[in-house]
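Note that the working numbering gives residue -14 to position 1 of the sequence shown, counting from 1, and the numbers run on in steps of one.
No lab work stands behind these hints: they were computed from the structure.
Don't take each hint at face value.
Below, a list of computed lysine to aspartate or glutamate pairs in the DMTMM-like style, where the Cα atoms sit at most 20 Å apart [to be verified]: (1) K117 / D29; (2) K53 / E124; (3) K55 / E101; (4) K49 / E95; (5) K110 / E98; (6) K96 / E106; (7) K85 / D102; (8) K40 / D102; (9) K81 / E64; (10) K138 / E150.
Pairwise CB distance ranges, derived in the manner of DEER restraints [as the list claims (entries may be wrong)]: (11) L130 / L26: 12 to 20 Å; (12) K23 / M83: 41 to 49 Å; (13) L130 / K153: 33 to 41 Å.
Glycine is no exception: its CB is placed at the ideal position from the N, C-alpha and C atoms.
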Amino acid sequence: MEDNHGKTDVFFQGIHASQIPIVVLDERWHQMFNVIEKPKLVKDLEDEVNALLKKQGQVNNDLKEVKKIKNKLMQEIVERMEVSGEDNERNQKRNKTMEKNQKLILECNEKLEELEDEQFEIPHKLREANEKLIVAGMEIAYIHLQRGKEEEKRLANWIAKARVELRKQMLLKQET
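Could you put together the complete structure from these sequences and hints?
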């Protein structure tokens, strides 16, 4: 017999194997919590997924920006290399500017590498956080369904008792 943790692992493996979209972007996810109160765990997991989505967007924007800067620096180097026939003082200035630009290009390359690593890691983190959120949502929905079944049984018992009492009352009334 499997415990609840084993069942969660099976659900998690099934979710991991499928391509499920990000649930915080799905209106049906939010509609589910119109009926069920959203627990703190779900709110925290949603915050984590939203933060990763925001970070993903920021990393993509940063990548574009750093690439633009790098291209501009490279273009400046090329333009300065093409200039010839300058005096020694201008040559020294040009060389210093080119060295500065080369250093900046190296910094851009390092930043691009960092951002590309982050860009690669975020989808995995996002998928993992989304899967945790889905499992938490499934567990909450299951608990809600169980409570509904219990309430249904309670009401069915109450109705059955009320019918018996009603029949008794009707029989007593017919006898008088």
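Quick rundown of the hints versus the structure:
no.	hint	in the structure
1	K117 / D29	holds, 11 Å
2	K53 / E124	violated, 46 Å
3	K55 / E101	holds, 15 Å
4	K49 / E95	holds, 14 Å
5	K110 / E98	holds, 18 Å
6	K96 / E106	holds, 15 Å
7	K85 / D102	violated, 26 Å
8	K40 / D102	holds, 13 Å
9	K81 / E64	holds, 14 Å
10	K138 / E150	holds, 18 Å
11	L130 / L26: 12 to 20 Å	holds, 18 Å
12	K23 / M83: 41 to 49 Å	violated, 57 Å
13	L130 / K153: 33 to 41 Å	holds, 35 Å
Comparing the model with each numbered hint stated earlier shows that hints 2, 7 and 12 do not hold.
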